[in-house]
Structure formats: C-alpha cells, structure tokens
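Chains as they are written, first to last, in the working numbering: chain A, 1 to 480; chain B, 1 to 399; chain C, 1 to 323.
These are calculated hints, taken from the structure and not from any lab test. Hints are all accurate, no fakes.
Below, computed lysine-lysine pairings styled on DSS-like, alpha-carbon distance capped at 25 Å:
1) C/Lys156 x B/Lys261
2) B/Lys390 x C/Lys156
3) B/Lys75 x B/Lys306
4) B/Lys396 x B/Lys356
5) A/Lys183 x B/Lys371
6) C/Lys156 x B/Lys231
7) B/Lys298 x B/Lys396
8) B/Lys184 x B/Lys231
Model, not experiment: these values are computed from the prediction.
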Amino acid sequence: MSSGPRIGKDEWVAREGEQRERRSGLLGGIARAQARTPWWAFLAVFVVLACLVPVVTSDSYIQRVAFDTTIFMLLALGLNVVVGWGGLLDLGYVAFFGFGAYLYAILGSSQFDIHVPTIVVIPVVTLAGALLGLVVGLPSWRLVGDYLAIVTLFALQIFRSVITNGHDIFGSNVTNGVNGILKVDPLSWFGHALPVSHRGLFNPDYLYVAIGFFVVIYVALRFVNASRTGRAWRALREDPLAATSMGMPIDWLKLMAFAFGAGIAALTGTLTASVNAAVFPDNFDVPQLITIYAMVILGGAGSQAGAIVGAVVVNVMLESLRSPDNSRWVFYIAVLLLLLPVLRSARKYLLLVAATVAFGFAVHAIAGAIDPAWTRGTTPGGGAVGRAIAHWAIVPQSLGSTREASYVLLIAAVLAVVTIRGRWKLVALVPTLYLASFVWENVLGPQPEITRYILLGAILVGVMTTRPAGILGERRVEIV
Amino acid sequence: MKKSVVTLGIAVGAALAAVAGASANSSAPARQTSGASCAKTITIPLLSVLTGPAAFLGNDQLSWAKLAAKQEGPKLGHTFNIVGVDTQLDPAIAATAAQKVIANGSYVVVIGPATSGGSAATSKAFFDAKVAHISPSATNAALTKSVGGKAPTATAAFYRVVADDSVQGTRDAQYIAGTLKAKKVAIIDAQEPYSVGLADIVGTYLKANGVTVQRESVTNNTTDFSAIVNKISKDTDVVFTPWQVASNAQVLGVTLREAGKAAVVFGTDGTDDPSSFKLAGSFVSNFGPDISADAAGKVYVDAWNKDNPGKTFSAFGPPAYLAAQVAMQAITKACKTNQNTYATRASVFSLVRNVKVANPIYGGAFRFSTKTHDPLNGSFWLFQIGSDGKYKQIGKLGS
Amino acid sequence: MVPGCSAARDHTFLLLVDQFIQTIVDSVTLGSVYALIALGYSMVYGILKLLPFAHGDVFMVGSFIGLGVLKAFGGAANPTISIWLVLVLMALAAMAGCAVLGVAVERFAYRPLRNAPRIAPLISALGTSFFIAYSMQLLFGANHRTYDTFTMAGGKLFLSGITWGPLHVSLVRIIVVVVAVVMMVVLWLLVSRTRMGKAMRATSFDREAAMMMGVDVDKVIVFTFVLGSALAGIGGVLFSLRTDVYSQMGFLAGLSGFTAAVIGGIGSVPGAMLGGYLLGLVETVTQTYISTGWSNLFIFSILVAFMLIRPSGILGKAEIKKV
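Excised from the complex, chain A in its bound form:
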C-alpha cells in the first residue's frame, strides 16, 4: 500500500509520471477519453441530467435531495477555490455560508419586517460575504498552514457565538438566538414570489434556480482559474516563497481566494435560507464543515469536476443510506468497488465473488442444519433482495452478544486482510466478505442512521489511503 520511496520525495514525483503512463485497462481508457472530451461537454451533460430530475420523477424527496446536492456542489466549488487552488486551510468556511443565510433571512422576513426583493438581496449578500471573507482572511498575512486553519476555526466559533446570542445584541433582537429566524421570504422575481412548496411538496423550480447559479459559478470560476489570478493561486499553493520572489502579491492573492470562497458560500446561503424558509444556528457548525471538506477532498482538491463528483457521491450516499433497502445496495456496491483497487485483476475478482457466494451457501446450509433458529430471522427492510439474501446470509432470530462480537471481529478481519499479502489475501477475503454481509444484515442494516457515518468514515479512509489525491484530483506532491 505504501508505494512511496523510503528516502527522498523527488523519486515519488518521478514515479508518479511513470505510473500515469503505465495505466491501462478500463480506468486508463476512461482517463484518456476524459482527457479528450472538452470540459463544457461534461458540464452540459451534467446540467441536462440534473434538470431532468423533476421530469423523470415526481417524487419530491428525490427532487429535494437533488436540490440539496446542488447546494453542496456550490459550497464545494467555493471551498475548492480556497483550499484546492489557494492552498489555504479555511476551517471557518461554513461561517460564510451561515452569514449569507442569516443576512438573507434578516433582510427578508418578519424578524424586522423588512422584505428586500431577491434581485437586490442576492448581490448584496454575496458582496457582504466576500467582504467578510476579506476580513477573516486578513490573518493569513501573518499566519500560515495549520496556524491559519485554527484561527479560521476560531472565526467560525465567534460567528456561532454571535448568532446564538444574537437575540440580545445591545438590547435588540437581531438573530432571534437559538430559536432561529422563521418565516423567511421565498425568492422573488420582480414581485412574483416563487413558492417554496406546492401542497407540502418541494417546488422543483428551486432546483432549476440552484442549477442556474451552479452553472454561472462553475463557468465563472473556470475562467478565473485560467486567468492570471488562477495561475498565481496555484503558484501560491505550490510555493509561496517562490511566488513572492516572482513578484506576485501573495497577500492579496490569499485575500482574493478567501473572498471568492466566502462570496460563493454566502450566495449559497441565500438559497438554503429561502428554501427552508428558516435559519437556525445549528445549520452552520463543524459537522457541516467536515461534510463539505470531505466532498472537496474526496473528489480531488483543486479539481472543479472533482468537487462536484465529491458532492454528488457524498450527499447521495448519505441520503440513500437513510433507508435499509437502499443502504443494502450502497453497502454491497461500495464493498465491490473497494475491492477493485485491492485486487487489480478481473479474473481474481470474479473468482473471489464466486467463492464468497459458494462459501455463503455452504455456511448457511451447515448453520441451518445445526440449529434452524440461526437462519430464521428477517433481514432489515425486507423486499425481494432482502428475502433472497436471507437464503444466503445467516440471520439468526436473536443475536445477543454476537452482535458486538461480530462487529469487532469484522474490523479485525478487514484490518488483517489489508495487512496480508499474496495468495492468502484472496483466501482470507472469502470469509471476511461473508462476515461483512453477516454484520451488515444483522448489526449495521437495522441501524441505518448510525451506519451512514460508519460507512462514510470507512470510505473516506479507504479512498484516501488508496487514492490520496481524491477521485478526480491531479496527482501532485507537496514539497515541504
């Protein structure tokens, strides 16, 4: 797994190029095809697909998830400017998102009975967010690296403290404190309000609006990235000292990166505030920050397409893990996908899957013969697939302490498989996979809400340790 050289990082750089050349097979083919297709073709296809969501399905939940995903794509794009391009670890990012949402809510709700029209409020909020970004970015003139990161995290805590105590700022109720601001105005277009829902169902028009914003931001950022500023950002990220000596105004570049990210986050905040018709302090906290970071880094920091892929993968995965039926699919697909980089050979792969299936039936038959109670339980969520799996995986009627033991054993087994090399790895994988499905059907599946985060954590570790640059990130090496 640790493919890096033991001494000297330059060798790693050299090897990186070599590896890229050597890539063959399906993934390599995709990579080459991807390199040939122009970026706007991808964007166009993606946007058309996103716009088709409400046409394909009338399920307002799916439409709402599509909207939320677009929101996350916007947030990821903004964070990518600061972290991916500027190389600045901004842990206060979610404060700008909250700032935008709160400013929108204050300027358009019954809180102060002000109702500024959308056409005015969105530019105002975006600019104010960018200005706040400049202010929060100021410490970057003096602080670098993790010291900057912690100061921006402090900024987030200060922001949270202000909004939670904001019901009494020198006697006036600005943010309504912990109760949040309710009855926030929907978006409007020259006096026509755009209702948030129809008979309680999400109004898909908001999805189109969000996609519209997304396209504008995506394209604008693409041009920024290709401009002098964009190149200067990358120089700043790779080597601030060299950038300074080349005459680049690195202090301003840092502030620019902060302001761009903050402006986009604030803009996104207006969409969230309007669609939820409310803002609350808890919407803007460290968990949200981590989610957005996970999206950007998982997709590949520095890559716009990566940020989008990250947002889609993480948000859709987290959402689909909410119900046991979907989560079963996610689990088995994730397991099969994670096996790909481990095995790197189609023949071994098929052999392994076949062996596991066979092993499962054998164990199931033996267990059923010894004590029928061991196979008499039902799988979570049921359904045709669930019932089919119950003929293969052991699902006992009651678990007792097997529950805890099997989970811990699974972790140990997975870690062991990661360590073992050679042929034995393949052999060890068979019972491990079967154990995994046992744990899934008996322990994880029944508690999808906890499982989502366990799986998210495992996938973050898995992807990072196998593809440190993220799914679509360009492989590069930091020279410290």
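Use these hints to put chains B and C onto chain A, whose structure you have.
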C-alpha cells in the same frame, strides 16, 4: 477561447432563463395518491434525532414507538410498523426528512419531529400535504400558542402529546418560589430552544415574584461546570437546569457539592433519567408520572426491557409510545370510515384531533384540548431524588 | 474587631479573592486534561506533520475502557476490590487499550499516506474519527453515562481534600492534576533522556536526515503513537472522573486539544502543556468574569488576538518554508 466565451454566454443565459421561467411557472406538480392500505402493514415514520450528541433521545423514542406498534397494533386489528427518520438536531435536515415522508404516499401520519426547531421548520410542509404530525417531545410553547405577539410557529397539522413549556415553566417556578421558598435562584440554559424557552419562562415568573434571579448559559463546548459553579453564590437556594442531558445535571450538582454549595438542583423532563441524574435532594419535573413505579407502568417497562436487553431509556421514551398510540388510533378510525380499504391523509388529518386514548401509558385518559393541539389538562409531575438515588413522586404540579 | 462596615467590605474582598483562587484551581484542573490531549496532537504533528483528528476519539475510547473496568469490578458504589485499586486499573487499562488503538490507527489510516499531500491524511483522520465515534455508538448506544464518582468511597473524592478557609480543593481535582503532571514529567523524561526520545526529537527535526543517520523512523512513529494515545487514554479517564462518558465526546475534546496544541506551538511538547493550561485559564476566566452565554465570543477573540501576536504559538518555531 472563443468557444469558452460562447459557452459562458449560453450558460449565463440559461441560468437567467431558469430563474425567470421558474418564477413564471407555478403550476402544481404531479398527482399524489396518499393512502395506507388497511390490510397490509401500515408504516408510520418517526422523525427524531437518531445520530449525533443527542442520539439517545431519538433511539429511546424509536424503541418505545416500536413497542407501541407491537403491543397496541394487534388490539386495533392492524399491523403497524415504525420507521425512524433522522433529523439530527438540525432543522434543515428535518426539512429534507419531511420531504422524504411527504413524498411517500403510504405515510399518512407522522410521529415527530422530536425537536421544537424541527417541528417549526416542517409544520407548514406537513400542513400543505395534509399530514398530521404528532410530536412526543417538542414542548416549545410558541409552537401552538402566540408568544410575544407573534403567531404560533407551527400549523394546525401539529399535535403534541406532552404539555408545553409554559405549563412546565410556570408550575416549576410556582413550586420554587412557593413551596421551596427560594430567595435566590440561578437559572442555567443550554443555548438551545427547549432550554432557553423554559429558562425564560421560569426567570420571568420568579422575577415578578421578587426572587433574585441569576442567569447563566452553558455553551456547546462547555464540558466542565466549575466556572459556573464558582459564579453561583453560597446563599443561592435553587439552581434551575432545563437541560436535555441528564448526566450534565448530575455533573453540575456534584460540582456544586464539591464547592461546598448546598443549592438544590431543579431539573426538567430532559434531565429525568434515574440512571445518570441521581444527586440526592434534587428535583425533576416531568410530563408523565414514573411509569416504573406503579404496577401498570411496570408492565410496559418490562416489555421494553425484553425488547431492548441491557439498555436503559430516558424520559423521552414513553411519550413516544403515547404518540404512536394516537397515530395508530387515528389511522384505525380512518380505515373504518373507508370500509377498511385504505386510510387517506385527509381523513387521518381530520381524525387525530378527536382521538381519545382510554388507557395511556401514564394512566388516566388522554385527549387533545379543544382550543390548541396540546393535551387536555396537560400536567407535570414532580419528583425528588432520595438518598438512595431513587425518584420519589411528590405529586402533580399546580392545579 | 473591625467595625461592621469595614468588616462587610473585607468580607466582600475575601469572597472575591476566594473566587479568584477557585478560578485558578478550576482552570488548572481543566487545563491538565487539555494538556494531556494536546500532547498527543503535538507529538504526532512534530513527527509526521499531520493533524491526527481521530485523537479525540482515542480519548473517548479511553474513557469507555475506564467505564468498562469499573463495571467489571462491580461499579462505583460497591466495588469488589478497593476502589483506589480499581481507579489505578482503569487508568492502566485505558492507557494500554488506547496505545493499541493508536498504533492501529497509525498503521491503517496514516501510514499509507506518509508521502501524500498533507490534506489527504487530514481527511483520512477525519474518516477514522467518524468511524471510531459511530462504531462506539453502534456498540454501546448513544446514552451519556457517568463513572458515578460521587458514590465512590462515600463521596470522599469530592467532599474531602484540602480545605483552607473558604477554599476547597477536592481530592478528585488533586488526583487529576497530580496524575496529569506526573504523566507529563514522565513524558518529558522519556523525550529528553532516553535514546528513543532522542530519536523522536531527531525525527521531528528532520525525518530524512534522521533516517539517513540510522534512526528507525517507523519504530519512532509507532512509539510516538503509543505515548500520545496512552496519554489520551489516561486523560479520558481523568476527564470522566468529573464529567460524563458518551460516544460523541471525543470530537469536542479533540477540538480543545487541537486548539491547545496550536496555541502552545504545535510540534512542541512543553508548548502543548502550556497551551493546555492557557486554554483552560482563558476558558475559566472568561466564563467566571465576563459572561457564560457569550463566553465563546470572548474566548475565541482572545485566542485570535493571541495568534496574531504570536503567529506560531507560545513555543512554536516560526515556520520557514524551504524551497
């Protein structure tokens, strides 16, 4: 380069067109058949906090609601199933979760959301979709009542099976000022809606009755209560802790004793958990009597323990049983009015209001008030913790 | 005897002094735990230039191990063996368990990323943090539990101790502070007096040069994780003596530890200790003397100002990036 400019132009145009077009187009979306088949398993979603720091709350509610489905369902002649839907502590996530529920036509009634913020954020959507939602724990008074001249934050789709904070806060304050004869009271909120709401009500009442009130807050990253305890003077009689985490009240109480301060800790329903809050002499008010104390309630607790071996539950659990009972009875009635074919959202929506639970988990009889969607004569019970750590029921608060 | 009026003023003055001394005692107790967590952060950062975000969860697991041992010996009120022995066993078990956990985390989540861009191990660490915290929730539920320290030895831990006038320093505070300080002294001796410590310092100074001088860097890194995680483990037990235990507690604790490590100057062992006590002091003083509701605003504003004045923390080296 030229190509990119053209694309940019198209993209911007498309975005603007989308905004404009979307505003102009406000036709209602596709059809929506809502109904639960009476003959099959009827699934009721429970929106609650299932992950994160307060996850115990939702997990308790889920396990108790499931127990209700298992025990009460057969009596009503239907098979019920409860599914948990996670809202975390985040009202925005609750809003998405509500979409998930509304979009599924077979869901005709909802238990939850558990939090007051989540209930306020989702109530309009539920109302528009004609889905009644019955919360087992959202006690913010402003949800059903006009507070400070503002309209109630929830809609007519919202019901709750527990009395609201104005009842609890006022009665607690009456007890503190009247029976305990406190002269000096420290009120500590936990900077979340439930806590701040109760703290405000109690504070206002006490001040109006000539009690000296000291107000403090615990922030989301306070782990150690030494500083707050240090600020509380030795002659403080009562420390009022309207919190959601019982063990924190215990920690605060122990820190008080450690500092040689004799103030009585007075907790609310959120801190009612005999397994962690057991500081002798403390008080706890709750929306239900101690169900494990009497024989009738013990049956429920034993049944729960059988289904959840080795686990403990907090005070948030049992009301979910009652909320599930209300939901199941409303569905059963709706089935009856429709020749046992299927229950529609609209009929359940109109029937919830008149549900009467003859033998609720807390004894007595349960029905909603005719004025608001709160329980009729919702009361609070007061407990004092004995030196053995056991909760002794002192009685109903107020009249 | 002084006249009544002046006596009242003296009394108020004494109360203020008492409150101030109490504040210092509180801050030292809190700071001791922060320092223990911060040490792990700082040492790992020094060696690997990596922020081990899962460190807070190692701390949480330590706290749970303590609870497990306590339960195994019959609980706080009626332990089967002497309660003091139980406490020692809790601490030892937590240290051992966390050391194993820390080494496992290093081996599987950090080691494959040793030469990757710096942000990758950060995300891997966050993933590990999620994984550990939610695995604990899956296995043991989400309920907050306590050690029930108040029932240990009839409340002796809290009610007895050093009483000096109105000031009372309870036994549990003394235990927390003394154990933490002893741990830190032991750590200091290990780092400054032993061969392994020397290797650690060398690796921290320049990993490649140390490697070329024959230092087994892998061994040094494992040793660092053993030390840091063991400190987090005992920190977890000490922390829960005064507070509670739950599966999501690691995140906040980790954040405080991280903050302390950075303000102390990340990578510096004495800096982490100082940072821990400084953070404890700022928190306690703000809450006692300014406001509890607004405390975060003041705490974090003070810390921002501090970082601007000393951009590399108290004892951190000014970061010079070589080309």
